[in-house]
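Each chain, written out:
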Amino acid sequence: MSASQVASSAGFFHEAGFYDSDDSLLAVVVPFIEAGLTAGEPVMVALGDRNIDLVRAALPDTAGVAFLPHNQAYLRPASTIKTFLELFRTHVEAIPGRLRLVGEVRDPTAQDQAWGPWSRYEAAVNAIYRDFPVSAMCAYNTQTNDDDALAEVERTHPYIATTGGGHLIGDRYEDPVAFLSSRPPPVPDPLEHGPPVLELLDPSPAAARQAVTDAAVRHTSLEHLRVGELVCGLSEVVTNAHLHGRPPVRVRGWAAADRLIVTIHDTGTGPANPFAGLVPAGSRHQDGGLGLWITHQMCSQVTHARSSDGFAIRLIAAAPQETESGWSPCSALSTEPTSTGG
Amino acid sequence: MSGDSIYAMRVNGVIDSAHDPLPHGHLCWAYQDRSEFRARAQEYVASGVATGLWVEYVGSGSAEQLRTELAGFSRIRGIIGGGGIGVTTVDDFYEFSGHGNAVDPLSTVAMRVAGTQQVLAAGYPGLRVVVDVTALVRTPEQRAAFARWEYLIDRTISNLPVTALCAYDVSELGSAAVAELACLHPVINAGSSSFRLYTDQGADLVLAGEIDFSCTDLFDTTLGRTIPLAPGPDLVIDGRGLEFIDHRGLLAVERHAREHNRNLVLRSTSPTVARLADLLSLETLGVEVVEQ
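Chains U and B are the protein sequences, given in the same order.
So for the first sequence, this note's numbering puts the first residue at 1; every next one is plus one.
So for the second sequence, this note's numbering puts the first residue at 1001; every next one is plus one.
Any given hint could be a false lead.
What the hints assert, rightly or not - Computed beta-carbon distance windows for the label pairs: (1) S221/U with S1017/B: 47 to 57 Å; (2) D148/U with V1290/B: 43 to 53 Å; (3) S181/U with V1290/B: 25 to 35 Å.
Said to hold, decoys possible - Far from chain U, some chain B residues (derived; all Cβ distances over 10 Å): (4) T1089; (5) E1095; (6) S1194; (7) Q1201; (8) P1231; (9) H1247; (10) P1271; (11) R1275; (12) V1290.
Just so you know, these hints were derived from the structure itself, not from any lab.
C-beta: ideal position from N, C-alpha, C; glycine also.
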């Protein structure tokens, strides 16, 4: 979908807001918020923690604005999509008009999240959120994000915010499917350069679960829940590899005290759907649709890689991590927006 | 076992070795050849007699053939213990429905309970049954009926001083057919089923082992045979021994709960299972995380 097609739709409006200082952050974000309040739209802000405080202090009146904790809103891409889709659907059913959202996928004060999965997120949501009446600004700090990441931000956002509430058409924007198929393979974790602590050929899911659990206990100090989540995802991926992939299926693992990395490789081409795992495929009653989505929900980090010799999924379990506690922003929609219009 | 347990759990688990002593409980033994069965059978008969139980040796031969087999069990000669041994053919030990030589679960339960009362009335502290049921589970229809019988009798004997060894000939039946029945026993030998579904006081159903894609269909079939027979409408499943269950397993439980108007709670020691259930937004099934 080209940028001009997006402009004429009543659906998802997706712009990047670049900033390099507190002042320039406020210069793009505050007018965007105020335009929403003027139009009577509910406004949700999910910036990094320090930035939320800045914005809250800069707004003359925060009635009608809901501030969402960053570590819950942006736990991991598939969780974020699930959370926001529930929010958007609740909004559409409850009130007419649009919803306004200011987000920041990586908190600039806590640079521990890998960019790759979020790059995929930003591309995919152009399609996944397309039909919802939502205007979203994604804030990006040009000091803390490297040039490669910032270039990908331009390629995944149809619009670029200007100070004072305006926007330019992003002329580097690419169709999400084209963007995703052109991305380089994920950067290996440093551990992957060393010898694996486990290597299995065509294991049953049960054998893979046992080997990975043993490795976690022996080599890491990850807590029980973290390991269980990775093992749950691993079981789904190995099952899928046997069902839909091409043999042999090879499972390898690396471990350090604070993280566990498992790759599952088969010689097939992987899922055809470029957004596989980010949304459930098929209905819950149809076999096979949920396994990869569950993996993406459960594991700290999931990356897909296609290569000349097949397809691999890499799972990472890492500590520390915020535990999801069934948090939902939908209750924030009950905040009455200030209705000076609309 | 925690002192906070509401009840003392029945003997349950997987027997790994051909030389582990057989525990006293409701056992399934899947055997590859008859000598393996004879070795385990005589061991179970002998320990029953030694502890003063009445032991019923049941099989598909004639009563005389069964007596001859018993006579060949060297381990029971000269056992002192005050117990006794009788033989019964399968035709006499079970009630059958009109056609196809399939066991009639409900009337067999009634008959077996009456038989147990007779043994107790005769002064024995308990009953032990050693039975080769291979001939009763050859067809799918027989297995469906026998599965219901196994679930019902397991529930009954969990309250009675009855122990049993049910033996299945894997070389004749195949491992898939044996798994249909093995999975309904609290104690099985290694490799015969990846999960077990049985009963205990304090929980209407107990689930143990691992449930993944390798046994999705069997688990679904087994739920269909047991959930309708379990008390309702609220059912508690004790899943403390459940080491793994995937989303297909949870969805299958939920589906059977809905079809039979039950509200199920699965008690698990795994916060991962609770997280998975949360993701699936299950309606007729809830998960409670408990201590071991």
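Now for the hints, and whether the structure bears them out:
Between S221/U and S1017/B the C-beta distance comes to about 34 Å, which lies outside the given range of 47 to 57 Å. Taking 43 to 53 Å as the suggested C-beta distance range, the pair D148/U and V1290/B conforms, at roughly 48 Å. In this structure, S181/U and V1290/B break the distance hint of 25 to 35 Å, their C-beta atoms being roughly 47 Å apart. Interface exclusion of T1089/B from chain U stands, the closest Cβ pair being 40 Å apart, more than 10 Å.
Every C-beta of chain U lies more than 10 Å from that of E1095/B, the closest at about 38 Å, which supports listing it as non-interface. Against chain U, the non-interface label of S1194/B is violated: not every CB pair exceeds 10 Å, the least being about 7 Å. Distance check for Q1201/B against chain U: the nearest CB is about 29 Å away, which clears 10 Å, and the non-interface claim stands. The Cβ of P1231/B sits about 27 Å from the closest Cβ of chain U, beyond the 10 Å cut-off, so the non-interface label holds.
With a minimum CB-CB distance of about 5 Å to chain U, H1247/B fails to clear the 10 Å threshold, and the non-interface call is violated. Taking the minimum C-beta to C-beta distance to chain U, about 5 Å, the non-interface status of P1271/B is violated against the 10 Å cut. Residue placement check: R1275/B does not keep its beta carbon more than 10 Å from all beta carbons of chain U (closest about 7 Å). V1290/B, annotated as away from the interface, keeps every beta carbon of chain U farther than 10 Å; the closest lies near 14 Å.
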